[in-house]
Amino acid sequence: MAKVEIRVFHQTATICVYIVHAFLLLQHDSFLVIVVFLFTLRCQQHY
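Letter by letter, the sequence shown follows residues 1 to 47 in the working numbering.
Source of the hints: derived by calculation from the structure; they are not laboratory data.
This one's a predicted model, so the numbers in the text were calculated from it and none came from an experiment.
There could be a bad hint or two in this list.
Per label pair, the in silico range of CB-to-CB distance [stated by the list, open to error]:
| hint | residue 1 | residue 2 | range |
| --- | --- | --- | --- |
| 1 | Glu5 | Thr40 | 19 to 27 Å |
| 2 | Ile34 | Phe9 | 23 to 31 Å |
| 3 | Val8 | Phe39 | 18 to 26 Å |
| 4 | Gln27 | Arg7 | 27 to 35 Å |
| 5 | His10 | Leu32 | 32 to 40 Å |
| 6 | Leu32 | Glu5 | 28 to 36 Å |
Ideal placement from N, C-alpha and C gives every residue a C-beta, glycine not left out.
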């Protein structure tokens with residue numbers, strides 16, 4: 001049961017990250033986009 005909850009939380013967090021990603025791309029703030037992208041890659045390697 002806990003594994004399912006973690007998976008759902010991870011999917012929700014991933015969606016939130018992509019929303020932030022899209023928002024930053026719209027703002028054309030390339031430095032933040034790179035930081036968020038690297039942070040996302042690092043998080044995905046944990047799972």
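Okay, the hints, checked on the actual structure:
| no. | hint | in the structure |
| --- | --- | --- |
| 1 | Glu5 - Thr40: 19 to 27 Å | 21 Å, holds |
| 2 | Ile34 - Phe9: 23 to 31 Å | 25 Å, holds |
| 3 | Val8 - Phe39: 18 to 26 Å | 21 Å, holds |
| 4 | Gln27 - Arg7: 27 to 35 Å | 31 Å, holds |
| 5 | His10 - Leu32: 32 to 40 Å | 22 Å, violated |
| 6 | Leu32 - Glu5: 28 to 36 Å | 30 Å, holds |
Of the numbered hints listed earlier, the single one contradicted by the structure is hint 5.
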